[in-house]
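Following the hints, position chains R, Z, C and F against chain X.
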Amino acid sequence: MPRIGVFICHCGENISGTVDCAEVAKVSAEFPGVVHSVDYKYMCSDPGQNLIKNAIQEKKLTGVVVAACSPRMHEPTFRRACAEGGLNPFLCEMANLREHCSWVHEKLPATTEKAIDLVRIMVEKVKRNRPLFSINVPVTKTALVLGGGIAGIQAALDIANAGHKVIMVERQASIGGHMAQLSETFPTLDCSQCILTPRMVEVAQHPNITLYTYAELEKLDGFIGNFRAVIRKKAKSIDEKLCTGCGVCFQKCPNKKILSEFNTHLGTRTAIYVPFPQAVPNKPVIDREHCMYFQKGKCRICEKFCPTKAIRFDQQDELIEVNVGAVVAATGYEVKDTDFFPEYGYGKYPDIITGLQFERLASASGPTGGVIKRPSDGRIPETIAFIACAGSRDPAKGISYCSKICCMYTAKHAMLYKHKVHQGKAYVFYMDIRAGGKMYEEFVRRTIEEDEVHYVRGRVSRIYDRDGKLVVRGVDTLLNAKPIEIEADMVVLATAMVAQPDAEELAQKMKVSYDENKFLSEAHPKLRPVEMNTAGIFVAGACQAPKDIPETVAQASAAASKVAGLFSKDELSREPVVAVVSRTGPPEFSNCVGCFLCESACPYQAIEHEEIKTRDGKLIKTVAKINQGVCQGCGTCVALCRTKSIDLQGFTNEQIFAELVSL
Amino acid sequence: MNESKIILKKSLGEWFNMMTAGGYRVVGPVGQDGQIDFEPVTSPDAVRFDHVQTNNSGKWVMFPRYEAMMRFRLSGKEVQAGEIPPQAPPTVLFGAHPCDAASLATLNAVFTWDSSDAYFEPKLANTTIIGLSCTKGDSYCFCTSVGGGPGDTRGSDVLLTPLDGEKFLAEILTEKGKSVVGLAPQLFSAADGTSKEAALAKIPARFNHRDVTAKLPSLFPKEDVWKEQSLRCLGCGACAYVCPTCSCFDIQDERDRYTGVRIRCWDSCGFGLFTLHASNHNPRHKQSERWRQRVMHKFSYQPERLNVLGCVGCGRCSRSCPVDMNLGEHVAALAEIKV
Amino acid sequence: MNELQQTAKDLLEKNAVAVVIGYGMGSEPSLRRAVFVRKPDQAPQLIFDESCRQNLAFYVLKPEVKALGKAAVVARTPTLRTLLQLATENQITDESVVALPVGNGSVQPLTNFAAIEQYLANVPRGFTAQEQQELAAIKSKTLADRWAFWKSELSRCIKCYACRAACPMCYCSKCIVEVNQPQWVPVPSDMLGNLEWNVIRAMHLAGRCISCGSCADACPAHIRIDLLNQLLATEAMQQFGAEPGLSVRKDYALATFKPTDKEEFIR
Amino acid sequence: MTAANLYIPYQMRIDKVTEEAPGVKTFRLGFVNKDDEGRFSFKAGQFGEYSVYGEGESTFCIASPPTRKGYIECTFRQMGRVTTALADRDEGDIVGFRGPYGNIFPIDEWAGKNLLFIAGGIALPPMRCVIWNCLDLRDRYQDVTIIYGARTVADLVYKHELAEWENRSDVKLFTTVDPGGQTPDWKGKVGFVPTILEQVAPSSVNTIAIVCGPPIMIKLTMPVLAKLGFKPEAIYTTLENRMKCGVGKCGRCNVGKVYVCKDGPVFTLAQLNQLPPEY
Amino acid sequence: MAEFEPKVVAFVCNWCTYAGADLTGTSRMKYATNVRMIRLPCTGRIDFMLLLQAFGHGADGIIVSGCHPGDCHYSAGNFHARRRWMLFRELLDFAGIDLRRVHFSWVSAAEGAKWAELVNDVVNQVRALGPYDEFPKRLNRQSLEQLCSVEVGR
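Chains as they are written, first to last, in this note's numbering: chain X, 7 to 669; chain R, 284 to 622; chain Z, 4 to 270; chain C, 18 to 296; chain F, 2 to 155.
Bound conformation, chain X alone (with noise of 0.2 Å):
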């Protein structure tokens, strides 16, 4: 029989005011397998404590319940305690007298009887209690960063200068994303480039990152700490290690007619190219898609003039493997595009664009140089009408979220369009005005009252081409619902912020949740909003939401604090209140049938394949095994399993049983 002691705490008059500690203590020491049950003023104090460890020794005590305040209060010191006293900390268990008993009734015989049974129930359970040991798990100290915009770069950089190794893998053949492509930021309008290129530069140059441009995520396994990632490195069709950058070969290209994806198509680019001037690295890529020798076989002439003889047409995908123990996913967003809008005309008119599209006319780098014109004719439109909530907050088309971004970028566009084109007018219906933020709200009412934008509360319900004119066709809510015509030269849709396309491709490979948007979801809400579900995972910039660049920049900040802090210990140490597969001898090895019907109820993608071989190698079944670096232990899988394999340490069936035995 085990031998179990009871501690009964009177918490001063806390619990004896109401509940007859002396009758608790007495009744206890007759349950089977008490062997010590005493009363004490406090037990938490030192005296009191020592009355446990003390006990412990003397009478030999395979189990301890201390009946006082909440475990959620003092589990944490009597475990303490015992584990003093010599025995396992998880053969202490609390029995709540105080915060579920004493507090909450009159003094009764009722009340003394509760707490004679929350004893004996905890008794019950404690006897099934067995030693548990915390667990631990290696850590390797190298960070994934997905995503090489702002997010990434700033996630980065803090890791980095923490002391850590990072690897940054990026899509594109630049990092930067879209704050590259913007223009002015809102509220103080300095110039996006300028502030952005400097850290792009530092990514490059540090020593601590290593940055593979052109590649993707392919495959990510493992858990907390012990990550194994394989990256694709797309073929770049030239040797980084002898390229200059020099730039001859795009400058000989003869295919110059391409749709430049970071000019948002406004302007042109070669096959083999950099997205931009400022591109880190700025060296260039062969688009296959587009290159005359990988269509039709022949051309070559950028490897004709290559000085470095750098160009390599055969170059291929390559694998690239690497062990991290962290991951920040910021792989940021896209922008809907013109043709979502059937009011808007499907995108047929050349003159509606998008907020992107705007930023790089606006941009001084952009293709006209900064000066706005519309993309039909190169006229410097009169008339322009922004267009907020362009998909956004529209259950009908399937976007409820606000874009959150648009209402400031919307007025900084209007306003950039009136510092250029002074006598120009501009036109910015909306919804409302989301201006939350420092010096938002100002930077509105400047455009507004300073710079003259016409703002009209109200949906746009069509826009139609006459005679060259974009009619803009919308009510002003805010004069009687009246409605409203404007003849304008170009119309700039702030189009909704989405995910990007292959979000949910992603969120799978790395086994994580993601919401009915395909933005990947927090572990919290409130409390965890950089963490992932999956432990070791976490989240930065707009691939978790909408968000602007200040936000963006404090998430990724607070990622990288959480991948420093995780990185600060050579072993992550966890409570071990995780779930177990049982196992037997031969034949069966396992009750286990290999359903693996949890492995999808499961949080935390903590369950696992292990398969079970002969000696020589022959598979005999294959049953689940849970990574105990990545379980938090909620228990879901064990409520499923109908073989009762699973079992969770601290919570086990038998103890849960016990407990309702003794009711």
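Note that these hints are calculated values from the structure, not bench results. Please note: incorrect hints may appear among the correct ones.
[Said to hold, decoys possible] Computed spacing ranges between beta-carbons, pair by pair:
(1) Z:D148 / R:T325: 17 to 27 Å
(2) C:V34 / F:K138: 31 to 41 Å
(3) X:F139 / C:K248: 52 to 62 Å
(4) Z:D148 / R:K505: 49 to 59 Å
(5) X:R534 / C:G47: 57 to 67 Å
(6) X:I618 / Z:M28: 33 to 43 Å
(7) X:F139 / C:K189: 39 to 49 Å
[As the list claims (entries may be wrong)] Okay, derived cross-link-like pairs now, BS3-like style, lysine-lysine, Cα gap no bigger than 30 Å in a straight line:
(8) C:K274 / R:K510
(9) X:K627 / X:K515
(10) X:K444 / X:K568
(11) Z:K69 / Z:K253
(12) R:K510 / Z:K69
(13) X:K239 / X:K517
(14) X:K59 / C:K33
(15) Z:K265 / X:K403
(16) C:K176 / X:K66
(17) F:K8 / R:K360
(18) C:K42 / C:K86
(19) C:K33 / C:K60
(20) Z:K261 / X:K631
(21) Z:K65 / R:K505
(22) X:K424 / X:K488
(23) Z:K17 / X:K624
(24) Z:K142 / F:K138
(25) R:K621 / C:K274
(26) C:K274 / C:K60
(27) C:K176 / X:K65
(28) X:K627 / R:K510
(29) X:K113 / F:K31
(30) Z:K42 / Z:K17
(31) R:K360 / C:K86
(32) C:K42 / R:K360
(33) C:K51 / R:K360
(34) X:K410 / Z:K261
(35) X:K225 / X:K568
(36) Z:K265 / X:K517
Keep in mind that this is a model prediction, so the values were computed, not measured. Where is the CB? At the ideal position from N, CA and C, for every residue including glycine.
Frame of chain X, contents of chains R, Z, C and F only:
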């Protein structure tokens, strides 16, 4: 003994009443078509005569599905424990067909082998069997192959044979039988000499059980035979649980907080875990081995060790089998194998 | 030879499979039993008609049958669905079994899961009007009558586990009733043991049961346990859109959720 | 236990608990009711049903010799529900015992012969009973040789008694552990039991061999014994089939027509050779 | 004769309802003494079999409570639990088990008052229903002597 009398069908109700008044619990075949079972008879009218066979056998009267044998209470380090005395109310098992009556010999042989079973014996001693000869059978019946017959008297204390729709020939076979008849002697009249044979069902013999018993030891190693027969066997316990002679059991403790009982309940050799060792080794790992055990046990081991056949040919196992494992057919097939 | 027999014969002749699991004549004219045809000339043993009810997918997992080699299984719609559900539960691998679909026209061997999925897409499913009526009849009883009904039904349960044995989805090597640390389900076939066993079994099959009815067919006490499964299958379908066994996608209704799941019963 | 009801166990108090190896314990049990003790007797080789009230019964041999009166001992490994509950019992706790059941080692017939005991792992307990029985009647027998092996040093049970036998001049003890199972200070042999048996090569002349161990050990030991000249009639072993009743009724333990609980658990190899391979 | 006092078993998650009940205590709100809590990490851990066991071991009523949707400490345990309960309730109802004896609730760590109210409501409701004698029990724990009247199965 062996005195024959006549009782009219319409008098049976009165007889039941006298038995109840005499302190007997009367158990007989009651229920709806397709669901006729031996249960305490609450009204004589409810008793069925027209069925071939009940779903379950009446063995529960002597060997219940579950039965508590010991009770105990834990307090501190002490255990208060005591026997739960066997409950053996005087019972009349009415309407048992000759196969069922014959099964008592098998059960008795198991439960009294060397040591006596405190729970079975008093129940058997306190049970009076009023058998009922079979006037019809079905293709599953094979009593005549295992030494029985539709009018076999073995095991019955009184055997009733319906002579026509109205009257029964009552063969009074034992002292116990005499006592229950003695409860209402006025209901019985002298036999008129009509033979019961004409009324009995014709059950063709399918095999000779002595030959089977003699042959089985040499069939044991023929794995293929057993494997082939049992390929479709699901490994459930239906056959064993409806069988009137199957007596394998399990002993288990059921407990509440500090009290508990030790229970004996039915078990079946068809279950995969029946013989599983704690070490996970299982002497009868395959279903074919368990099927062989079932057949060997009934037709070889019990005859050899206990001098009784473990099968009475009632056919219940085959009627209840979800996958049509037909014992009569398979044993007949075994009998055909040349060794 | 009919099409089924011919198909089976061809498969065996081509050594595409080692055994064809099908239905043959049983010991009574009205009875069918599983047969395991291993030689082409035995193919005429195979029959299929309305009396062939057993879900033969069970045998695909039975070790003794597995040992015979690759199997083709004569499959009614529920059997096909069972095969797919077994696939989602990692119990059988693709192309490890050939299904011979019967009851809906041509017997075209389905050699992989994709083919079964495709086949099932065009087969009517759902409960028959009669089945729905039976369920509704019990639902319309008062609470006390439902309790009385099940108490009477379950009192006949002798815990022979024929329901479990006949169910191809009950493939656990150690069933919950055999788990004894703790002893979840009381061993005796008393009221509590029977109630717990049947309720637990129904829950363990919820979202997985493909409603073949084999459990009720197998019950020697003729307990309508299939109604418990039918209820949960209907609910899982209505509440979660769960239709097990139509694809190999892992979409077990109780291992997933929607934030919008109904919860008016939760206070 | 009432004489009439064999299913009611004796109440036994745990007088002593010995940790033999990881998960293996020995209990010394004394009768709570002294009348029971007076009625009770057993012989080497017999077994019983040990129970924890509320958890059920489990079958083990009686591991102490009948020559030591006043108590019985059992040694068990914690495996399932009952043994786990047993392992949780402490000195002073009450458990149940019913028995003795089964046949016996015919030690009287062995008088004047050499005895060779061969055991592996947790199978020493059934043999310990007969070893002590014979040692307590030492002058009736000639040479006594014991070969005992376990997987690792930690897995050897009855370590203190092994030391005692080691020191006796009238017992030849060879302890061995599987390769890799030895500790740096291990002084015994290293190797599997059959190998050690071959090395020790005891004479089969006028010798009885008693073998207990896991199936694989038995399987490999028998040919060695045959090579050494042992006749099947001179080789004894015990079977440990699953049982519930212990008295030939519950239907589990039969090997063919032989019931281990009644006809066994002690068998000669000659007898085993007659049985189907269902154990 | 004293009024029947029901036994109500509450299965609660550690992070929300257990903490909420702690808050009830800290706020000194009173409620009925009839409830006994089983603390589990998450509602996802609450096996439906535990509910059956509670009835089998003498509970007259059951409360199951955890974090509100979206608040789960383990992000989704309560969502999984909700699905399970949804089906389990239907099954219980179908089997004739009175759902007024089984209550599901979300009680957050901030809802001390809700917890007190919930317990009182359930206790009153179950008290009105009376003891759940019709649910079969594991054993009759009243007295050792009564154990011998354990039913014998046919």
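Evaluated hints:
1. Z:D148 / R:T325: 17 to 27 Å: holds (21 Å)
2. C:V34 / F:K138: 31 to 41 Å: holds (35 Å)
3. X:F139 / C:K248: 52 to 62 Å: holds (54 Å)
4. Z:D148 / R:K505: 49 to 59 Å: For K505 of chain R against D148 of chain Z, whose Cβ atoms are near 54 Å apart, the range 49 to 59 Å holds.
5. X:R534 / C:G47: 57 to 67 Å: holds (59 Å)
6. X:I618 / Z:M28: 33 to 43 Å: Given about 42 Å between the Cβ atoms, the range holds.
7. X:F139 / C:K189: 39 to 49 Å: At 43 Å between Cβs, range holds.
8. C:K274 / R:K510: holds (20 Å)
9. X:K627 / X:K515: holds (26 Å)
10. X:K444 / X:K568: holds (26 Å)
11. Z:K69 / Z:K253: holds (24 Å)
12. R:K510 / Z:K69: Between K510 of chain R and K69 of chain Z the Cα gap is close to 13 Å, so the pair holds against 30 Å.
13. X:K239 / X:K517: holds (21 Å)
14. X:K59 / C:K33: holds (26 Å)
15. Z:K265 / X:K403: Holds, at about 25 Å.
16. C:K176 / X:K66: holds (24 Å)
17. F:K8 / R:K360: holds (28 Å)
18. C:K42 / C:K86: The hint holds at about 21 Å.
19. C:K33 / C:K60: holds (22 Å)
20. Z:K261 / X:K631: Since the Cα atoms of K261 of chain Z and K631 of chain X sit roughly 26 Å apart, the hinted pair holds (cutoff 30 Å).
21. Z:K65 / R:K505: Cα-Cα ~21 Å, so holds.
22. X:K424 / X:K488: Since the Cα atoms of K424 of chain X and K488 of chain X sit roughly 26 Å apart, the hinted pair holds (cutoff 30 Å).
23. Z:K17 / X:K624: holds (28 Å)
24. Z:K142 / F:K138: Satisfied, since the Cα-Cα distance of roughly 25 Å is no more than 30 Å.
25. R:K621 / C:K274: holds (22 Å)
26. C:K274 / C:K60: holds (24 Å)
27. C:K176 / X:K65: holds (27 Å)
28. X:K627 / R:K510: holds (24 Å)
29. X:K113 / F:K31: holds (11 Å)
30. Z:K42 / Z:K17: holds (11 Å)
31. R:K360 / C:K86: holds (25 Å)
32. C:K42 / R:K360: holds (20 Å)
33. C:K51 / R:K360: holds (18 Å)
34. X:K410 / Z:K261: holds (26 Å)
35. X:K225 / X:K568: holds (23 Å)
36. Z:K265 / X:K517: holds (27 Å)
Violated hints: none; the structure is consistent with every hint.
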